[in-house]
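**Q** Residues per chain are reported as follows:
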Amino acid sequence: MLLLTAVIGGHAEARKIEDVPVEKLKQRVEKASDTIFVLNFWATWCQPCVKEIPEFNKIPNTYKGKPVKVIMANLDFPNQKDSRVLPFLETNEVKHEVLMTITPRGGEWIEAMDPTWSGAIPATIIMYKGKRFFHEGETNYETIIKWIESLL
Amino acid sequence: MKKRIILSTMFVMLAAVMLNAQLKPGDIAPDFKLKGVDNKWVSLSDYKDQKGVILVFTCNHCPYAKLYETRIIDLQNKFGGKQFPVVAINPNDSTIVEADSFSNMVANAAAKGFNFPYLLDDIQLFKKYGATKTPHVFVLKNEGGSFKVAYIGAIDDNSQDPNDVGEAYVVDAVNALLEGKALARTETKAVGCTIKFK
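If you read the protein sequences in the order shown, they are chains A and B. Quick note on numbering: the first sequence equals residues 439 to 590 in the working numbering. Quick note on numbering: the second sequence equals residues 158 to 355 in the working numbering.
To be clear, the hints were calculated from the coordinates, so they are not data collected in a lab. Keep in mind it's a predicted model, so treat the numbers as computed, not measured. Even glycine gets a Cβ: it sits at the ideal position worked out from N, Cα and C. Zero decoy hints are in this set.
If you want the footprint, here are the derived chain B segments under chain A, 3+ residues with CB under 8 Å: (1) 305-314; (2) 339-351.
In silico EDC-like cross-links for lysine to aspartate or glutamate, where the CA-CA straight-line distance does not exceed 16 Å: (3) 223/B <-> 514/A; (4) 338/B <-> 300/B; (5) 355/B <-> 576/A; (6) 569/A <-> 472/A; (7) 284/B <-> 188/B; (8) 353/B <-> 576/A.
Some residues of chain A that are not near chain B, with every Cβ distance over 10 Å (derived): (9) 458; (10) 507; (11) 586.
Pulled out of the complex, with its shape left as it was, chain B reads as follows:
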C-alpha cells in the first residue's frame, strides 16, 4: 500500500513536471510534419520564406475553441497576406473525444470554411511545445530560418464576446513583430479545455 502511494505520488510529480515543460518566449520552436485535412503534409520548415507563423493548438469539440474559430479565420485573413500565416493543430486523441477525429476535422474545416492548414497531431507534438489546452497559441518569429517563440497564450482577453475585446493579444503581438517593435505581452493565460491524450 505504502509502495503504491509512493509510486503514485511519483507519477503525479512526474506528470506535473511534464506539464510544466513548456516552451518559453525566446526558445526555438521544434519542427514537425503533420497531415492536414486536405491530406497534405505540413512542416514548420515549409514556412521558411514567411516572417512567422501563428501556431494554434485547437480542436473541434471544445466550446472555447468553437468560440474562437471565426477569430482564427480572421487572423489568417489579416496576416496571411503579410507573410505571417495561421497553422492550426488538433492535439486531441479521438479515441477519447470522437468529435476530434480526423474525419470530423475534415468536416469541421469545410463547414466553418477554415482558410488555414488544420493538422492532426498524432505524434503528441503538443508535449514538445508544452501546450496544455485548446485553444493555446504560439506566435513564432522566423529568425534566419529557425522559428523563435515570441508569444504564448490566449488569442485575446474576451473568450465569450468577440465584439467586446479589450486587448487582442495575438493581433498586437504579430503587428509588433511585423513593425520590429517590442511585444507588450509575451505570455497570457485563459480558460480552455485540457488536451485529451493517453
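The shape of chain A in the complex, shown without the other chains:
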C-alpha cells in the first residue's frame, strides 16, 4: 500500500516537457547504440493517438535484456503546452518521456523522418542499430512488440 502511494505520488508530480527540434530528435534515435528506440508521434487532439497511449505504456523498460527507449513526440502546437499538453498529462498516464516536437515550416521534415509517412498521426518509428520500421496509423502492444522483434 505504501509502495502504491509512493508510485501514485511520483506520477502526481508536475511534469516538464522539453522542446526538441525534430532534427535533433531524429539524430538521437538514429544514433548507433544498443538502445531500441520507439518513437511515437502524437497529439492531445488526435483520438487514435490518445487511445493507443496505454498500449505504449505496456512496453517494459527492458526488453530481453536490451534497453528499450520509448519517446512520445508530441505534435500539439508549442503555444498549447501549458493550456493543453500539461493538463492532459495530469489526467492521462503517459509513462514514457514526452517531448514537444518543434517542427520547421513546411513538410520536408515529415519526408526526412520517413519517406512513406503522409503526415497523418499517430505514426510510430522503431530504430535499432541502423534498422528501422515505420507505421502510420493506430497500433497495439502486441504489434509493437512484433515490430521490435523483427529488428532484433
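On the provided structure of chain A, position chain B as indicated by the hints.
**A** Chain B only, in chain A's frame:
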C-alpha cells in the same frame, strides 16, 4: 501462434501497400458521385466545363481541418470565379467519429458558411485517391474532359497561423495552372488526422 503472426504480418504488409497506393501527379483522377450537404449529388464529371477542381478531403472534427476551414472558403472565393472551384469531401466513418456524421456536416457547413459542395464519402472514394488524412488536397486539371492530378498535399506551409504563411502551395499551384506555367511543387506533406474507416 506462428500462423497468427504470419497472418497478422501479412495483414500489416497489405495495409501498408493499400496506404501507399496513392495517385501521383499526372495520374487521371477517378470520377465519383457523392451526396452533398444540400442533398444534391455531385460528380467530378459535373465540372467538365471548368478548368480544374480543388478537391479537398477534410472533415468536421480534426483540429487541422478546422484550422483550414476559412482558408478553404478563401480558395473558393479566389478561384471559383476563375473556373477552378473547390469541392470538399468528408471521408470519415461517422460510426467511429460521430462529429463527422452527415447531419453534423450539414450543421458545420451552415455554421462556417461553406461556399463549396461538402460531400459525404460513404463509398471509401479516398482509397482510390490514396488520401490518408484530413486535410489532404488534390488539385485536378481538366484536360479535354478528363481530370489529371497536378498537385497533392497541403494547402500551405503553416497550419497554425494563416497570417504567417511562407508558401501558399495550393494558391501557387492553381495560379500556375491558370497561367499555363510549370508548378513549383507537385507534392507536399503536412501533419493531419488519419482518415477514420473500418
